[in-house]
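**Q** Sequence:
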Amino acid sequence: MEKTEKQIRHESLVEFLSNFSQYKSEGKPRFKKQKDSITHSKLCKIDTNDINGAVMVFVDTLNLYGGSNADVNLYELLQAYLQVPDYREKFNNLVSEAKSFKKENK
1 MEKTEKQIRH ESLVEFLSNF SQYKSEGKPR FKKQKDSITH SKLCKIDTND INGAVMVFVD
61 TLNLYGGSNA DVNLYELLQA YLQVPDYREK FNNLVSEAKS FKKENK
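Taking our numbering as reference, the numbering of the sequence shown is continuous, increasing by one, and the terminal residue is 106.
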């Protein structure tokens, strides 16, 4: 079976990140190549350590001071969003409300 472009990007990114010590845990690469894309029904099974590692990459990419400081806690936000399906809809509604509020107050 031929790999999709998305799968190739995923595997290339995991390989690239594994070269940096800050993306290792106990000397081993923090990220693992996933054989298939994680679908909606399996989001709640994503390991907390994997979510936290992804937040680290996000924080570094945007050059944020951190993923958890002052009133920002991206670690807990993404853990709750991905791992607790009952709250995902509530988060989505809040995001829609916030986007509408932002448009109205431009």
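FYI, nobody ran anything at the bench for these hints, they're computed from the structure.
Backbone N, C-alpha and C fix where the C-beta goes; we use that ideal spot for every residue, glycine too.
One or more of the hints may lead you astray.
[As the list claims (entries may be wrong)] Listed below are the simulated DSS-like cross-link pairs for lysine-lysine, each with C-alpha atoms no more than 27 Å apart in a straight line:
# : residue 1 : residue 2
1 : Lys-90    : Lys-106
2 : Lys-90    : Lys-102
3 : Lys-42    : Lys-106
4 : Lys-24    : Lys-6
[What the hints assert, rightly or not] Okay, the calculated beta carbon distance ranges per label pair:
#  : residue 1 : residue 2 : range
5  : Ser-18    : Glu-97    : 37 to 47 Å
6  : Ser-12    : Ser-41    : 38 to 48 Å
7  : Asn-69    : Thr-4     : 30 to 40 Å
8  : Ser-41    : Glu-15    : 36 to 46 Å
9  : Lys-6     : Lys-106   : 30 to 40 Å
10 : Ile-46    : Lys-3     : 32 to 42 Å
11 : Phe-101   : Thr-4     : 35 to 45 Å
12 : Phe-101   : Glu-11    : 19 to 29 Å
13 : Asn-105   : Thr-4     : 18 to 28 Å
**Q** Of the hints stated earlier, which fail here?
**A** 3, 6, 8, 10, 12 and 13
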